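As you go down the protein sequences, you meet chains A and B in turn.
Quick note, the first sequence lines up with residues 0 to 241 if you use numbering that gives the first Met the number 0.
Quick note, the second sequence lines up with residues 0 to 241 if you use numbering that gives the first Met the number 0.
The set of hints was computed from the structure by calculation and includes no laboratory data.
This one's a predicted model, so the numbers in the text were calculated from it and none came from an experiment.
Heads up, a few of these hints could be off.
[As the list claims (entries may be wrong)] Quick list of in silico lysine-lysine cross-link-like pairs, BS3-like style, CA-CA up to 25 Å:
#1 K221(A) <-> K184(A)
#2 K184(B) <-> K214(B)
#3 K217(B) <-> K123(A)
#4 K181(B) <-> K214(B)
#5 K217(B) <-> K188(B)
#6 K123(B) <-> K217(A)
#7 K214(A) <-> K123(B)
#8 K181(B) <-> K37(B)
#9 K181(B) <-> K221(B)
#10 K123(A) <-> K214(B)
#11 K37(B) <-> K184(B)
[To be verified] Have a look at the derived ranges for each label pair, beta carbon to beta carbon:
#12 V65(B) <-> G145(A): 27 to 35 Å
#13 R99(A) <-> V71(B): 46 to 54 Å
#14 R24(A) <-> D220(B): 27 to 35 Å
Glycine included, every Cβ here is placed at the ideal spot set by N, Cα and C.
Next come the chains, spelled out residue by residue.
2 protein chains.
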Amino acid sequence: MSAGRLYGVGLGPGDPELLTVKAVRVIETAPVIAFFAKSGRPGNARTIADRWIPASAHQLLLAYPVTTEIPVSDPAYNEALRAFYAEATERLADELAAGRDVALLSEGDPLFYGSFMHLYIRLKERFPVTIIPGVTGMAGCWSAAGEAMTWGDDIMTVLPGTLPQQTLTERLRGADAAVIMKVGKNFAKIRQALRDSGHYERAIYVERGTMAGEKVMKLADKADDSAPYFAIVLVSGQGRRP
Amino acid sequence: MSAGRLYGVGLGPGDPELLTVKAVRVIETAPVIAFFAKSGRPGNARTIADRWIPASAHQLLLAYPVTTEIPVSDPAYNEALRAFYAEATERLADELAAGRDVALLSEGDPLFYGSFMHLYIRLKERFPVTIIPGVTGMAGCWSAAGEAMTWGDDIMTVLPGTLPQQTLTERLRGADAAVIMKVGKNFAKIRQALRDSGHYERAIYVERGTMAGEKVMKLADKADDSAPYFAIVLVSGQGRRP
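The whole structure should be built from the sequences, with the hints applied where relevant.
Below, the structure is given as structure tokens:
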């Protein structure tokens, strides 16, 4: 018996019509559909792919351990995640070893800040793998905002909002175009870094890009500092445009 | 009569199955399909979308002026392009004003270094526009290479290879992960910048990612310095991975 194939399936930014034709084909035919979700939650990936998952598929939920009581900087946090990824890996390996293909759903693109990567690096030497790239969350957000991001020789920098304020400020200074991911609790820090780097007036805030409840506004017009983790801030480039 | 709608349709990195479901729907139903191509060539965008374009569609070719004899730095180059974009804008405006929707094909993502943007900024105040994001060429390349690009707090920088060598070196030094676009004639310069910034051993070269004739190799293993314009160099991040 030959082993199954692992598919890393990019789901795009949230609109179910923004899956690729290839992603839909794999989801419609894979005998096992695996996805991450917080314990007790339906899971955003599962929700985006829902209309494409056949009733006959075996659904394999990979439920994140509850870690809200542990700070990210605590080694125990890292250890809890490591154990979770190791266990999830073995659950997928069992399916693959039994000859069943597994489609592991991944919001956005599988290899761009994706949870998929943690299982991928543990499985790629053991089983055949196919990656199906997806529309990134940031591309969904800049299309929702109608922001033309990069022109000519523009340099674009992607920054996690989790970085220290000083780092954000320095990197924003050197960027023509910028995307700040993982906004959430980092909002006030990001706002200040944009002010200090001279990009504040051009910055656009996008929440739930391409999904129900989508919000797009100038960052300067946002009165409060509260934002979901997956909100994104965009600064578009101003490069050569004949 | 109401005006037509302009659709900026992202086609993804080259594999026709990497169009999104939404892009296919728009291409299958828009009365006018517009695309850029070099004079006398079928056009890469047209080729990628070919299987989805109905026979009934009116195809509108926007043929780039031949500018190979003019250096990019010559003002005449800019002027030739400006005149071309202005004329292309009016051809699309005629269709839209007559109430016909126009799907303008765009390789990769429409708002990321896309020719689409030059018509978009000229038309967006005059007609309704919908942007359909696409899988970027770089995501197609890193999925083809199986390179997990960004982890945890990694900063990713996207650099056009057309930049001066010193700029490339400096920006590569400050990046955890990097993508170098527009390789072509800039190959030797890019190779040196990767050496000088300490990223050379990790750099991956990808040509025709997701398409027939795809090539993936370590940059250090590439013997010659010749590459097509759309080849991409990838340096993956090494951030937090539990």
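So, going through the hints one by one against the coordinates:
1. K221(A) <-> K184(A): 15 Å, holds
2. K184(B) <-> K214(B): Status holds; Cα separation ~18 Å.
3. K217(B) <-> K123(A): Given that 25 Å is the threshold and the Cα spacing comes to 18 Å, the pair holds.
4. K181(B) <-> K214(B): 16 Å, holds
5. K217(B) <-> K188(B): Holds. K217(B) to K188(B) sits at ~17 Å (cutoff 25 Å).
6. K123(B) <-> K217(A): 18 Å, holds
7. K214(A) <-> K123(B): Measuring from Cα to Cα gives roughly 20 Å; hence the hint holds.
8. K181(B) <-> K37(B): 17 Å, holds
9. K181(B) <-> K221(B): Since the Cα atoms of K181(B) and K221(B) sit roughly 17 Å apart, the hinted pair holds (cutoff 25 Å).
10. K123(A) <-> K214(B): 20 Å, holds
11. K37(B) <-> K184(B): Holds, at roughly 19 Å.
12. V65(B) <-> G145(A): 27 to 35 Å: 32 Å, holds
13. R99(A) <-> V71(B): 46 to 54 Å: 53 Å, holds
14. R24(A) <-> D220(B): 27 to 35 Å: 33 Å, holds
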